[in-house]
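Colleague: These protein sequences, in sequence, are chains A and B.
Take the first sequence: its position 142, counting from 1, is numbered 142 in the numbering used here, and each next residue is one higher.
Take the second sequence: its position 239, counting from 1, is numbered 532 in the numbering used here, and each next residue is one higher.
In case anyone wonders, no lab produced these hints; they're calculated from the structure.
Please note that the accuracy of each hint is not assured.
As the list claims (entries may be wrong) - Residues from chain A that face chain B, not an exhaustive set, calculated with beta carbons under 8 Å:
#, residue
1, S22
2, I24
3, P25
4, L31
5, I33
6, I41
7, V124
8, F204
9, A206
10, A220
11, A259
Unchecked claim - Simulated crosslink set (EDC-like; lysine to aspartate or glutamate; CA at most 16 Å straight-line):
#, chain 1, residue 1, chain 2, residue 2
12, B, K568, A, D111
13, B, K568, A, E178
14, A, K107, A, E178
15, A, K107, B, E572
For every residue, glycine included, the Cβ atom is placed at its ideal position computed from N, Cα and C.
Each chain, letter by letter, is given below.
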Amino acid sequence: MLGLPSAKQSLSARSARHLRRSVIPGFGLALGITVLYLGAIVLLPLCALILKASDVGLAQLWGILSSPRTLSAIRVTVTMALAATAFNAVYGLLLAWVLARYEFPGKRLLDALVDVPFALPTAVAGLALTALFSKTGWFGGPLEAIGLKVAYTPLGIAIAMAFTSIPFVVRTVQPVIEDLGSDVEEAGRSLGANDFQILWRVIFPAIFPAFLAGCSLSFARSLGEFGAVIFIAGNQPMKTEIVALLTFIRLEEYNYQAAAAIAAVMLAMAFLMLVVTNMVQAWNLRYLGRGDT
Amino acid sequence: MSQPPSERGHTEWMVTPVGAGPVARRVVLGIVAVVTLLFLVAPLALIVSSALSQGIGVFFRNLSDAGTQHAILLTVITAIIAVPLNILFGLAAAWTVTKFDFPGRTLLISLIELPYSISPIVAGVAYLFVYGSQGLFGPLLDYFGLKVMFALPAIVLASMFVTAPFVARELIPLMQVQGTDEEEAAVTLGASGLATFLRVTLPNIRWAVLYGAILCNARVMGEFGAVSVVSGNIRGQTTTLPLQIELLYQDYNVAGAFAAATVLTAVALVTILIKAVLERIAREIDETPVRPPA
Numbered sequence: 001m002l003g004l005p006s007a008k009q010s011l012s013a014r015s016a017r018h019l020r021r022s023v024i025p026g027f028g029l030a031l032g033i034t035v036l037y038l039g040a041i042v043l044l045p046l047c048a049l050i051l052k053a054s055d056v057g058l059a060q061l062w063g064i065l066s067s068p069r070t071l072s073a074i075r076v077t078v079t080m081a082l083a084a085t086a087f088n089a090v091y092g093l094l095l096a097w098v099l100a101r102y103e104f105p106g107k108r109l110l111d112a113l114v115d116v117p118f119a120l121p122t123a124v125a126g127l128a129l130t131a132l133f134s135k136t137g138w139f140g141g142p143l144e145a146i147g148l149k150v151a152y153t154p155l156g157i158a159i160a161m162a163f164t165s166i167p168f169v170v171r172t173v174q175p176v177i178e179d180l181g182s183d184v185e186e187a188g189r190s191l192g193a194n195d196f197q198i199l200w201r202v203i204f205p206a207i208f209p210a211f212l213a214g215c216s217l218s219f220a221r222s223l224g225e226f227g228a229v230i231f232i233a234g235n236q237p238m239k240t241e242i243v244a245l246l247t248f249i250r251l252e253e254y255n256y257q258a259a260a261a262i263a264a265v266m267l268a269m270a271f272l273m274l275v276v277t278n279m280v281q282a283w284n285l286r287y288l289g290r291g292d293t
Numbered sequence: 294m295s296q297p298p299s300e301r302g303h304t305e306w307m308v309t310p311v312g313a314g315p316v317a318r319r320v321v322l323g324i325v326a327v328v329t330l331l332f333l334v335a336p337l338a339l340i341v342s343s344a345l346s347q348g349i350g351v352f353f354r355n356l357s358d359a360g361t362q363h364a365i366l367l368t369v370i371t372a373i374i375a376v377p378l379n380i381l382f383g384l385a386a387a388w389t390v391t392k393f394d395f396p397g398r399t400l401l402i403s404l405i406e407l408p409y410s411i412s413p414i415v416a417g418v419a420y421l422f423v424y425g426s427q428g429l430f431g432p433l434l435d436y437f438g439l440k441v442m443f444a445l446p447a448i449v450l451a452s453m454f455v456t457a458p459f460v461a462r463e464l465i466p467l468m469q470v471q472g473t474d475e476e477e478a479a480v481t482l483g484a485s486g487l488a489t490f491l492r493v494t495l496p497n498i499r500w501a502v503l504y505g506a507i508l509c510n511a512r513v514m515g516e517f518g519a520v521s522v523v524s525g526n527i528r529g530q531t532t533t534l535p536l537q538i539e540l541l542y543q544d545y546n547v548a549g550a551f552a553a554a555t556v557l558t559a560v561a562l563v564t565i566l567i568k569a570v571l572e573r574i575a576r577e578i579d580e581t582p583v584r585p586p587a
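Kindly produce the complete structure, drawing on both the sequences and the hints.
Modeller: As C-alpha cells, this is what we get:
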C-alpha cells in the first residue's frame, strides 16, 4: 500500500473490471515468480524470526526487553531518531521549497545532491561523518572549542540518522509543492492575505499530509539505521548504544534468544511505522483528491 | 509526472508568489546552501581528501591491499548475482500488479514494499534463523554438508532481501500510468506473450528498468547491516567492501578505510549521475508529442 494507493485511484472501476478478463497472457508465470521470490527471500526469514522469538516465552521476553541495557538502547534510538526527524523536517522542507519554487544556478546539482545519502553506502557515510566530527576533524575541532562534543555522543547518532534519511522528506514534499496550483494562492492574495498568512493558511495545509508522510518515513529509517550510526556513536552501553547494535552484540555473544527478542521488537516497530505511514499517505491522497475537484 | 513548464503554477503568476520576494528568496536559498555544504557536501569532500591526503601512490597501494582486492571481488560477484535476479523479480512483480486485477493485489503490493521499511539488521538476524545452525533449515543443511550462512549464498540472499523493492518500485507507478491498451492491442493482433513483452512493454519501461537496476546495484554493493550479520565477517573470505571499510577502520588503518570508501563513493556518484541523465531522457520523451503508431 505504501506509496501505491495512487495505483488504485488511477484505475477506474471500468478498467478494473476489464482487467479481470484480461487478454494479456503471463499472469500465472509472473504471479508465480513474484510469490516465489517474496516467499523465499522476504517472508521465510521473517517467519523464522517470529517463530524464534515466540519460542522465547513471555516471561523471558519481558526479562530481555525490560533489562536496563535494552531499555536504554530503545530510549537512545527513539530519542535520537526523533531529533534527526525534527532536523530533517525543517531542512527537508526548505530544500523541497527551494527545488520546487526557485530557479538558480546549481539547481540541478542541488537536486542531485539530495540523492547522495541514498546512493552512498551507510558505512561510508558513517566513516566520513565520524572523521568530520572527531576531535581532529574539520567540524569536530571548532565545535569542541566551544564545548560541543558530537562524535561518540548521542548528538553524533542523531546527525548520522539525519544524514541517511533526509531524502525521504525532500522527495515526498517536493512534487506536492511543484503541483500546488497558483489559483488558491492568488485568491488568498486578492482577499488581502499577506505572505505569512498565505504560507500558513493556504500552502502549509496543502503540503502537510505529504510532509507528515515524509517525516514518518524518515523516522522509520532512523530507527533501523545501523552502518552510519555505529561509526560515530562510540557504542557505549547505557549511553550511546542503539537497538540495532544491541541486537548485533547479542548475536555475537551467541545469545540467540535475546537477539531474536530484540529483532522482533524492531520488526514490530517497523510494522507500526508502516501502518502509520500508510494511514498518513491514504489521508494525503484523499486530501489531494479533494483539492483536485 | 513532470509537467511542461507552462502548466506549472509559478510561470503564470499575475502577482508575486509567496517567497519570491528578493529578501525571502535570498534568506531561504542562503540557509539551504550553507546547511547543504556542511551536511551533504562536506562528507563527500572529506572522503576524497582523506583518501588522497598521503598522495596518489599511497592511495593506490591501499587499494591494492589483498584484503581490499578480495572485498572488491566479493562485492562485484554479489552484485552480479543479486541484481539480475532482482530485475527479474521487479519485472514479474510489476507485470503482475499493473496488468491484472485479482484478489489480494493490494496485499501483494504491500509485501513487495515491505523490505523497504525493515531494518537491515533485522533482515540479517531473520536469515540466521533460517539457515544458521540454530535455524529452521540448519540441521538439514548440515546433513547435506551445504554451507549457506557465513558464506556467499547468505550474503547474496541478504542483499536480495534489502533491495527486493528497488526495481519494482520504479516500474509499478510507470506501468500503472501506461495502462494495458498497447499490450491488449498487440495480443489481439496475434502477438505472443513474450513478443508483446519484448516489443511493446519493454521499450516503454527500459529507462525505468535501467534506473531501478542501477539504484539496486549501488545498494547491493553498499549494504552493510544485513551483510555484516550473515557474512560472519571472516577476514579475507566473507568481507564485502563495506565490511572491509569497518575492518580497516578498527585496525586504525584510516587511510586504507578511506581508500576503500572512495571506491564505493565513486559507485554512488556514478549512480547519481546516471540517474540525472536518465531522468532527463525520460523528461524529453515525456515532452515530445506522442509519435504516430508505426
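Colleague: Confirm or reject each hint.
Modeller: Hints versus structure:
| no. | hint | in the structure |
| --- | --- | --- |
| 1 | S22 | holds, 6 Å |
| 2 | I24 | holds, 5 Å |
| 3 | P25 | holds, 4 Å |
| 4 | L31 | holds, 5 Å |
| 5 | I33 | holds, 4 Å |
| 6 | I41 | holds, 5 Å |
| 7 | V124 | holds, 5 Å |
| 8 | F204 | violated, 10 Å |
| 9 | A206 | violated, 12 Å |
| 10 | A220 | holds, 6 Å |
| 11 | A259 | holds, 6 Å |
| 12 | B:K568 x A:D111 | holds, 11 Å |
| 13 | B:K568 x A:E178 | violated, 20 Å |
| 14 | A:K107 x A:E178 | holds, 15 Å |
| 15 | A:K107 x B:E572 | holds, 15 Å |
Figure legend: structure checked against the earlier numbered hints; hints not met, in rising order: 8, 9 and 13.
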